[in-house]
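Visitor: Listed below are the residues making up each chain.
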Amino acid sequence: MAAFARDEALDEASLVSAARLGCVSSFEGLYRLHSGRVYALCLRLTADAGLAEELTQETFVRAWRGLKSFRGESAFGSWLFRVATNAVGNRYRAELRRAAREKSAPAPCVERSDPALRMDLETAIAALPPGARAVFVLHDVEGYGHAEIAAQLGIAAGTSKAQLHHARRLLRETVQL
Amino acid sequence: MKCETTLSMLDDYFDNRLTGNEPAQVARHLAGCPKCAREADSLRALLRAARELPHDAAPSRDLWPEVRDKIDRGGRARLRAWRWGAAMAAAALLLIAAGVLVAREPRRTPDQGVAAHLPAAGLMLEVRKAEAEYERARGELLAVMDRAPGALSAETRLVIEENMALIDGAIREIRSSLENDPENVGLFDMLVAEQGRALRLLGLKEALASDTW
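These protein sequence lines are chains X and A, in that order. Each residue of the first sequence is one higher than the one before, starting from 738 at the first, in our numbering. Each residue of the second sequence is one higher than the one before, starting from 12 at the first, in our numbering.
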């Protein structure tokens, strides 16, 4: 298993090196390795399959354009995740600004603890308000810290912490665990 | 520790953000309070379930063809920009080279006849063709830059504008040299220097290659 992981890492390093030199086929190899994780992240953050597909494409196009800035100081997957989170964060910030301008109704969320409304965790995450959902996914599913989440979403670290508390409370009320 | 205090610290307790003897105090309270323990169990179960969620998902279709298309379109835009720059540089070099040869052409007396002037006439024709090509490429580039001001980064636009100014200057000097002082023995040296400047225009290629887009 360890040897497999090492071989995979070596293969990925080769693909990254070739892609940085402009080899699109190697970049496709990186896409095949990571697109599932990137899409899963985008889907959980947005709760919108179409938007998640769009953001997954945007992530890889941005990654291709920014490959020169990838110095290999972190794993390529980690770097790619930051690209994805930034892409989603840009949309998220724009959405928040638009919502603030239009004073639109908040996204539907689940507030009640009626057992009849209990649902599986994935569905409940999708039903969270966008801010709480983004922080919960990044913190509790992906393992980011509040400082990094705050930077990526353009919010204060204290806001991230408050959103996480809010999300956990809503999920505990609604999810059958 | 009271229930209210314990419950307010549960998030930090599970996130390992409590300090000093706070974790021990919370643990002690949970051990003796079934109500708070149930809350803690619920949160622990949620966090475990979140960590165990699958980290892979398949989109409804293969997204690579669209990613590839966007990459290719971006690459073609960069290539077009480089080609215009290269065409301008090539036109300037041709003008300069032609200018050098014209300047080095031995001065002819009237009795040498028309045939003796043909090489220089041919070169001047090349000069005019190169000028026309340069003007066409320059016009196309300007039109694109005007139509899509956001298509090129500010840095790239600056590089292009600086290089266009250099080429314009080189052409003006060559025209002036050829028209006003075709027999000046120093013309050759001046044009060689201009050739050096024009060669630097090829730096446009590196500038475009290093541009992040």
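Simulated from the structure, these hints should not be mistaken for lab results. Heads up, some of the hints might be wrong.
Pairs of lysine to aspartate or glutamate, DMTMM-like flavour, derived with a Cα cap of 20 Å [unchecked claim]: (1) X:Lys898 with A:Asp22; (2) X:Lys898 with A:Asp83; (3) X:Lys805 with A:Asp26; (4) X:Lys805 with A:Glu50; (5) A:Lys46 with X:Glu910; (6) A:Lys81 with X:Glu910; (7) A:Lys81 with X:Glu791; (8) A:Lys13 with A:Glu33.
Since the model is a prediction, treat every value here as computed from it, not as a measurement.
Visitor: Please list, smallest to largest, the hint numbers that this structure does not respect.
Guide: Numbers 2, 3, 4, 6 - these are the hints that the structure violates, sorted from lowest upward.
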